[in-house]
Structure formats: C-alpha cells, structure tokens
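Working from the sequences, and respecting the hints, build out all of it.
There are 2 protein chains.
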Amino acid sequence: MKHRVVVVGAGFAGLQMVRDLKAAGCDITLIDQRNHHLFQPLLYQVATTLLATSDIAWPIRRVVSSRKDVTTLLATVEGVDREKREVILKDAGRVPFDTLVIATGARHAYFGNDHWEVDAPGLKTLEDATTIRRRILMAFERAEIIDDEAEREALMTFVVIGAGPTGVELAGIIAELAHRILPREFRRIDTHRARVMLVEAGKRILPSFKEDLAGYATSALRKRGVEIRTGKPVTDCSADGIVLDGEPVAARTIIWAAGVQASPAREWLDAEADKAGRVKVSENLTLPGDPAIFVLGDTAHVESGGRQVPGIAPAAKQQGTYAARTIRARLAGKPAQPPFRYSHMGDLATVGQNAAIIDFGRFSMKGRLAWWVWGVAHIYFLIGARSRLMVSISWLWSYFSGQNSARLITQKDKLRG
Amino acid sequence: MKHRVVVVGAGFAGLQMVRDLKAAGCDITLIDQRNHHLFQPLLYQVATTLLATSDIAWPIRRVVSSRKDVTTLLATVEGVDREKREVILKDAGRVPFDTLVIATGARHAYFGNDHWEVDAPGLKTLEDATTIRRRILMAFERAEIIDDEAEREALMTFVVIGAGPTGVELAGIIAELAHRILPREFRRIDTHRARVMLVEAGKRILPSFKEDLAGYATSALRKRGVEIRTGKPVTDCSADGIVLDGEPVAARTIIWAAGVQASPAREWLDAEADKAGRVKVSENLTLPGDPAIFVLGDTAHVESGGRQVPGIAPAAKQQGTYAARTIRARLAGKPAQPPFRYSHMGDLATVGQNAAIIDFGRFSMKGRLAWWVWGVAHIYFLIGARSRLMVSISWLWSYFSGQNSARLITQKDKLRG
Numbered sequence: 001m002k003h004r005v006v007v008v009g010a011g012f013a014g015l016q017m018v019r020d021l022k023a024a025g026c027d028i029t030l031i032d033q034r035n036h037h038l039f040q041p042l043l044y045q046v047a048t049t050l051l052a053t054s055d056i057a058w059p060i061r062r063v064v065s066s067r068k069d070v071t072t073l074l075a076t077v078e079g080v081d082r083e084k085r086e087v088i089l090k091d092a093g094r095v096p097f098d099t100l101v102i103a104t105g106a107r108h109a110y111f112g113n114d115h116w117e118v119d120a121p122g123l124k125t126l127e128d129a130t131t132i133r134r135r136i137l138m139a140f141e142r143a144e145i146i147d148d149e150a151e152r153e154a155l156m157t158f159v160v161i162g163a164g165p166t167g168v169e170l171a172g173i174i175a176e177l178a179h180r181i182l183p184r185e186f187r188r189i190d191t192h193r194a195r196v197m198l199v200e201a202g203k204r205i206l207p208s209f210k211e212d213l214a215g216y217a218t219s220a221l222r223k224r225g226v227e228i229r230t231g232k233p234v235t236d237c238s239a240d241g242i243v244l245d246g247e248p249v250a251a252r253t254i255i256w257a258a259g260v261q262a263s264p265a266r267e268w269l270d271a272e273a274d275k276a277g278r279v280k281v282s283e284n285l286t287l288p289g290d291p292a293i294f295v296l297g298d299t300a301h302v303e304s305g306g307r308q309v310p311g312i313a314p315a316a317k318q319q320g321t322y323a324a325r326t327i328r329a330r331l332a333g334k335p336a337q338p339p340f341r342y343s344h345m346g347d348l349a350t351v352g353q354n355a356a357i358i359d360f361g362r363f364s365m366k367g368r369l370a371w372w373v374w375g376v377a378h379i380y381f382l383i384g385a386r387s388r389l390m391v392s393i394s395w396l397w398s399y400f401s402g403q404n405s406a407r408l409i410t411q412k413d414k415l416r417g
Numbered sequence: 001m002k003h004r005v006v007v008v009g010a011g012f013a014g015l016q017m018v019r020d021l022k023a024a025g026c027d028i029t030l031i032d033q034r035n036h037h038l039f040q041p042l043l044y045q046v047a048t049t050l051l052a053t054s055d056i057a058w059p060i061r062r063v064v065s066s067r068k069d070v071t072t073l074l075a076t077v078e079g080v081d082r083e084k085r086e087v088i089l090k091d092a093g094r095v096p097f098d099t100l101v102i103a104t105g106a107r108h109a110y111f112g113n114d115h116w117e118v119d120a121p122g123l124k125t126l127e128d129a130t131t132i133r134r135r136i137l138m139a140f141e142r143a144e145i146i147d148d149e150a151e152r153e154a155l156m157t158f159v160v161i162g163a164g165p166t167g168v169e170l171a172g173i174i175a176e177l178a179h180r181i182l183p184r185e186f187r188r189i190d191t192h193r194a195r196v197m198l199v200e201a202g203k204r205i206l207p208s209f210k211e212d213l214a215g216y217a218t219s220a221l222r223k224r225g226v227e228i229r230t231g232k233p234v235t236d237c238s239a240d241g242i243v244l245d246g247e248p249v250a251a252r253t254i255i256w257a258a259g260v261q262a263s264p265a266r267e268w269l270d271a272e273a274d275k276a277g278r279v280k281v282s283e284n285l286t287l288p289g290d291p292a293i294f295v296l297g298d299t300a301h302v303e304s305g306g307r308q309v310p311g312i313a314p315a316a317k318q319q320g321t322y323a324a325r326t327i328r329a330r331l332a333g334k335p336a337q338p339p340f341r342y343s344h345m346g347d348l349a350t351v352g353q354n355a356a357i358i359d360f361g362r363f364s365m366k367g368r369l370a371w372w373v374w375g376v377a378h379i380y381f382l383i384g385a386r387s388r389l390m391v392s393i394s395w396l397w398s399y400f401s402g403q404n405s406a407r408l409i410t411q412k413d414k415l416r417g
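Sequences listed follow chains A and B, in order.
Numbering follows the UniProt record's numbering, with no gaps: position 39 of the first sequence is 39.
Numbering follows the UniProt record's numbering, with no gaps: position 359 of the second sequence is 359.
Any given hint might turn out to be false.
[Claimed, not checked] Okay, derived cross-link-like pairs now, EDC-like style, lysine to aspartate or glutamate, Cα gap no bigger than 16 Å in a straight line:
| no. | chain 1 | residue 1 | chain 2 | residue 2 |
| --- | --- | --- | --- | --- |
| 1 | B | Lys412 | A | Asp413 |
| 2 | B | Lys366 | B | Glu211 |
| 3 | B | Lys68 | A | Asp413 |
| 4 | B | Lys68 | B | Asp20 |
In short, the hints are calculated from the structure, not lab data.
If you want it as structure tokens, here you go:
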C-alpha cells in the first residue's frame with residue numbers, strides 16, 4: 001500500500017507541500033473547508049475595491065487537477081484521533097493517515113475582546129473582504145442620503161486598528177478611494193472630507209521594517225490624508241466607534257488588523273502552544289514525540305536561528321518544501337535533513353499608488369520604483385497566467401483611469417445581519 | 001426652479017432614460033436599492049462560473065459620474081405620495097418630483113407556491129447568481145465525499161425548471177461544466193454521469209423562437225447530455241427534489257427559470273395591473289390619468305401593434321428613450337410624440353460553446369457562427385472598455401483552456417442558511 005499523506009489546509013504551506021511531493025509515490029488527501037486557495041497578501045485589495053474576488057482565489061481542485069496522486073476533499077476537520085491515526089471530518093467520516101500535515105492558518109484575534117468583532121471585523125477570508133468592502137461603500141452611501149451632520153461625520157470616519165503592513169495598506173487605499181476616486185460621484189457630500197485614522201498601540205507603525213522606511217511610509221500616508229495615532233491602545237470598539245486611550249472617536253467603519261490567533265489545531269493534537277495558540281514544533285517542524293505529524297505555517301510556532309519565524313507567505317512555503325523533503329527522505333530511508341532554517345527574503349508594503357517600501361535587509365527601496373517592483377513581484381506569485389493577466393489589467397486600469405474595478409455592494413452583512 | 005425628475009430603478013430602462021435626458025436642464029434623482037447596474041442577460045454566466053460578479057455589474061454612481069445634473073441615491077422606495085408628489089424612502093425621508101419614472105423590474109414568481117423558492121431559487125440578482133453557483137459546486141463537492149449511493153445520485157442531478165432562453169442557457173452550461181470542465185478534477189465520482197434535466201410545462205422549449213431554431217437547440221442540448229422533459233408541469237419542489245407530473249425526481253439542485261412577477265410598483269401607485277403585477281400604462285407609457293408618472297420596462301404592461309412588448313433589455317431601453325423624448329417635448333412645449341412603438345431586433349440564446357441561435361425575424365442563424373455573433377453582440381452592449389476587455393478575456397480563456405474563471409464557493413447560502 002502507498003504511504004498515505006493527509007494534508008489539512010490548502011494555504012501557502014499545505015499547497016507547497018503537496019506540490020513538492022510530486023511523483024513521490026504517496027497517496028495524498030488534501031482537505032480544506034473552502035473550495036479555494038486564497039492569495040491572502042492581496043486580500044486587502046478586494047476589501048478596498050481594487051480587485052475582484054476571483055482574481056486572487058483559485059479552486060483547489062483545479063490547482064492540483066493534473067496530480068492523479070491527490071484527492072481533494074471539501075470538508076471541515078473536527079479533530080485528530082492520534083491513536084487510530086485518523087483525521088475526523090464533520091459529517092463525512094474519517095480519513096486514515098501515515099503522515100499528517102496540519103497547516104490550517106490563523107484567524108484575527110481580539111485579545112479577550114471577541115465581542116469587538118461585530119463592529120471591527122478582521123481580514124482573513126473572501127467573506128471578510130466583501131464585508132469590509134460593503135461597509136466602506138455603504139458608509140459613503142448613507143452619508144450622501146442622511147441629513148444629520150454628526151451622523152454623517154461618523155459615517156465618513158474610517159478607523160484601521162493595527163499598523164502592520166495590512167493596516168498601512170488598508171488605510172492608504174481607503175484614503176485614495178475617498179480623495180481620488182469617489183469625489184466626482186457624490187453630489188451632497190465632499191468625500192475629500194472623509195477622515196481615515198490608523199491607530200497603533202505600539203510606538204511606531206510598521207515595527208518589522210527599518211525606521212527610515214517606516215518614516216517614509218508615515219509621510220506618504222500623511223500626504224494621502226491619513227491620521228496616524230501611535231502609542232495609545234484602543235480600549236473599546238462598538239457600533240458608535242472606538243475609544244482611544246479614554247477619548248471616544250465616532251466612527252461607523254472600523255477594521256481590525258491588530259492581531260492573530262492560530263486555528264484550533266492545538267486542541268485537535270492536544271499539543272503545547274504559545275500565547276497566540278501556535279503549536280510548538282520540533283526543529284524539523286513535527287510534533288514533539290510524534291514525528292509523523294507536521295504542523296506548518298501560521299498554525300505553528302517555529303524558531304530559526306533563535307528567532308520566531310514570521311507569519312508570511314514565503315515562510316509558509318519554505319516550511320511546506322522542508323516537510324515534503326523530510327517525507328521523501330524518510331520514504332527513501334535516507335538520513336534526516338538538518339533542522340529547518342528560515343531564509344528571510346525581505347519585507348514589502350504599499351502605502352498607495354507610486355508609494356511602497358521594500359526592506360531586503362542589506363538594501364532597501366522606497367517610492368515609485370519600489371511600488372512597481374512590489375507589483376511585479378506580486379503578479380509573479382499569483383497562480384496561473386489568467387490571474388496574472390487579469391490582476392495586471394485591473395492595476396494598470398486603476399492606475400491610468402483612476403477607477404477601481406470591483407466597487408460592488410453585495411450580500412447582507414455577515415456580522416451585523 | 002429646474003424641473004425635477006425622479007427615476008426609481010437603474011436597470012436598462014431607467015438608465016437609458018437618464019442618459020437620454022442629458023443636457024435637458026432637469027434636476028434628476030436616480031434611486032436604486034442596489035449600488036450597481038446589472039447586465040442581467042449574462043447573469044446566468046455568473047451562476048455557472050463563467051464570469052465574475054464584477055464583470056457584469058457597475059456602480060451606478062460611476063456610470064453617471066460625469067452628469068452633474070444627476071444625484072444618485074442608494075435607498076429603498078416604500079411608496080409614492082401622489083397627492084404631495086413625493087417618493088417615500090425607507091429611513092431616508094421623501095424626494096419631491098415633477099415627473100416620476102418607475103422602472104423597478106421584476107422578480108421571479110412561483111405562481112402561488114412561494115415556499116418553493118428555498119429549494120428552487122430563481123436568478124435576478126448577483127446574490128441569486130452566487131447562491132446558485134454555490135449550490136452547483138457544493139453538490140459536486142458533497143458527492144465526492146459521501147458514501148451513500150442514492151444521495152450521491154441526487155446530488156449529481158440538476159433540474160432547471162422553465163425552458164425560455166435563461167433555462168436553456170443554464171442547462172447547457174451546467175452540462176458543459178459537468179462533462180467538459182470538472183471530470184479531471186474529481187477522483188471518486190465521475191462527473192460525466194451528472195444528470196441535467198430541463199423541464200418545461202409547455203409543449204416545446206424556447207416558445208418565443210421559430211420552431212426550427214428551437215429544434216436545433218433541442219438537439220444541441222441533447223448532444224451535451226441534457227434531458228429535456230416538455231409538456232408536463234412540476235407539481236412540487238422540495239429539499240428532496242421535484243415531482244414531475246406525479247413522478248418524483250430526487251435532485252439536490254433545482255433552479256427556477258419559469259416565471260416572473262413585476263416589482264410592487266403597482267401598490268405604490270394604486271394602479272391597474274395584469275396577472276403578473278405589471279402596471280397597465282397608456283400608449284405613451286404613462287399612468288392613465290397621471291401623465292407625469294411613467295412606468296417602464298418589466299414593471300409595465302406595454303402593448304405595441306396589438307401585442308405585448310417582451311421583457312427583454314432592448315425593449316426596456318427603447319421605452320427609456322421614448323420617455324426621455326416625451327419629457328423633452330413637454331419641457332419645450334412641443335406637441336406630444338406619437339404612441340410608443342416597439343421595434344423588435346431579434347431573439348438570441350446560447351446552448352453552449354459553438355452553439356447559439358439568433359432569430360432576426362426575416363432570417364435566422366444557428367451554430368458556431370451564431371455563437372460568435374452572440375458573443376460580439378453581448379460584449380458590445382456591456383458598459384465601458386474595461387468590462388468588454390475582461391469579459392472577452394474570460395470567454396476566450398474558457399474557450400481555449402477549458403477552464404472557467406470564477407469557480408468560487410463564497411458566503412453562506414442566502415435561503416438555506
């Protein structure tokens with residue numbers, strides 16, 4: 001019988017693992033609760049109307065359709081029976097494994113204030129993105145139609161909480177939307193007057209970037225009209241707005257980009273985890289004491305060179321590649337690989353059109369050229385020629401016409417009903 | 001003070017009216033409960049994964065952004081105060097008018113069986129389309145994962161009720177999806193074995209087309225594996241499937257393409273209507289006894305040359321143009337136009353790749369050439385160069401690669417929860 005590999009989660013880590021196990025002679029089952037692989041680094045562009053949902057999501061089945069050794073299942077995992085070596089699915093039986101790979105990612109976290117989610121949604125899935133898109137667009141629509149001045153001001157105040165790359169990118173594009181794209185379409189309100197606030201509890205924005213790059217991003221955001229408030233924590237989120245260090249700010253649209261919590265894999269495995277729920281793994285990315293179970297990507301707490309590996313796509317892919325190599329070595333009876341080592345390629349973030357920062361460690365870039373490099377790099381990492389073509393057209397179209405392609409209000413609000 | 005024109009509904013009729021009132025010196029308010037104009041003739045392609053939602057929907061504000069005489073409001077109309085000459089909005093006050101244009105379209109109708117909607121949704125909005133898309137894709141996913149043979153057969157049975165152009169187009173593309181696009185992606189089920197049924201109570205499919213064209217469509221559908229059942233009514237729809245003239249057919253996916261009911265404008269106006277709720281209008285498209293109120297498109301029962309004008313996009317546009325001309329003539333103090341006359345351009349329908357029928361009255365086309373003409377005609381009618389480019393690419397991509405671009409399962413099911 002072939003060696004049975006079960007992979008839970010078709011994100012960057014899981015999919016890379018499956019790809020690198022090509023022709024390894026395994027019987028692979030790839031399980032995800034979604035039918036699509038999502039290119040999360042560009043999800044904020046769906047939330048801000050630049051890209052369509054189908055530009056950055058691909059059916060998992062199609063991605064692996066040429067791989068006869070892979071069976072894809074759309075199912076929700078409820079647990080792992082480590083004794084019987086089976087994954088337990090919801091309403092769909094059990095799947096036995098010889099090797100198990102868990103790469104189920106993370107959700108946003110509210111540090112004990114889960115009730116904030118209703119009014120301050122985070123951004124991890126396509127539905128999160130269309131929810132945020134709807135709220136941003138509806139705020140302008142409501143502001144145009146109502147007469148109450150205070151309510152209008154609250155509708156035209158947009159708060160982004162958390163100033164890592166996602167928060168910075170969201171604030172930058174919302175400001176561009178309000179100040180560059182929407183003004184000529186409204187008759188009663190002046191969308192130039194929209195207020196976009198970027199709030200960060202830490203002492204500066206983009207803490208993972210060098211100080212001069214963060215400084216450039218700060219001035220580029222300010223130039224776009226974004227108000228930056230650092231060093232003070234948000235102490236409440238509600239339908240009225242936020243409370244920032246005791247000061248209430250009336251805002252109808254709040255977006256959470258401040259923290260993540262790993263998926264519940266920890267509980268399935270009854271494993272040791274860090275504060276964010278990430279499973280602590282051995283230096284070969286397996287569960288201590290159970291080397292046939294790998295935990296990868298945002299679900300795992302991985303250390304390399306004494307430092308924690310960041311939760312970004314390249315790190316997840318490297319872990320997928322490492323796990324595939326380890327499985328191959330074991331099947332071939334070869335000696336174990338050296339411990340996993342993360343190789344950091346760099347950090348990228350955009351602030352808006354013609355403004356990006358790239359930190360390669362030894363050297364860095366900022367401004368217009370960095371923005372083009374950022375764009376080309378992201379197009380390169382998309383899956384398939386069609387998506388590359390479509391995203392390129394959408395970006396160039398927006399660049400030259402000043403119009404975004406996906407300004408749709410659809411569905412009911414997922415959280416507010 | 002400028003003449004105040006209030007237009008309710010930014011579909012084909014309403015938008016055409018607004019366009020044709022350019023520089024007429026009116027103060028126009030365009031009200032819709034959606035933020036987008038929808039190209040309904042291609043909605044079935046969103047439901048069947050060929051096109052993305054943003055390919056066929058445009059923000060109404062953007063479409064009229066250059067028109068300083070137009071104010072767009074996203075609001076729901078609750079009624080019309082004919083005495084005070086005001087439109088009553090839900091939670092947003094009232095809008096006074098001198099001339100009122102109602103063009104609010106239609107919804108699908110179940111002829112007294114409204115409870116069928118949960119299991120047999122119709123296709124009128126983007127949400128309808130993503131709901132149907134989700135059900136089709138989920139049926140294959142569930143079939144792949146379960147063990148019960150009878151349930152698998154029900155999951156792989158797709159029933160389309162109603163064989164007008166929309167029903168024919170849906171059945172044709174679902175068959176192509178099952179037989180041409182999906183087979184190599186599933187490992188446990190053979191999607192070639194999916195059953196697609198097209199059910200029509202009337203004696204033949206496509207009753208508005210000439211008999212030989214309908215005959216061609218019948219054989220093209222059969223070639224694609226579609227089962228056609230005519231002459232027998234559906235007597236029940238439920239989660240189990242349909243009952244067709246006493247015979248139960250187990251099916252988990254049912255799509256309703258059998259009937260429409262006009263929007264509630266009739267009640268707002270307290271006007272006389274036909275059986276489908278369409279307001280009966282005078283020969284100049286206004287309400288009998290109230291010539292300042294126009295009712296257009298699918299909301300109106302319009303006669304031309306002794307026959308009822310069909311509920312298709314070109315007819316709606318012609319009515320919009322006629323209403324705009326009438327308003328201009330009145331403002332200029334010119335004599336009234338002759339009564340509205342509908343000019344029928346032809347009927348088009350596709351069955352699938354390389355198979356379409358076009359009925360121009362005097363001559364007709366079918367097959368591959370008709371399919372290309374159909375495609376070029378539809379691209380021409382889209383709004384803006386970007387959509388034309390994107391839809392062209394999506395179609396050509398699908399044509400040459402055998403892959404559809406928007407195979408996403410998103411959101412919860414609108415009706416089933």
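Here's how the hints hold up against the structure:
The suggested pairing of Lys412(B) with Asp413(A) holds, with an alpha-carbon distance near 11 Å, which does not exceed 16 Å. Distance check on the hinted pair: Lys366(B) and Glu211(B) sit about 12 Å apart at the alpha-carbon level, within 16 Å; holds. Pair hint Lys68(B) plus Asp413(A) does not hold up; C-alpha atoms about 31 Å apart against a cutoff of 16 Å. At most 16 Å may separate the alpha-carbon atoms for a hinted pair to count; Lys68(B) and Asp20(B) meet this at roughly 14 Å.
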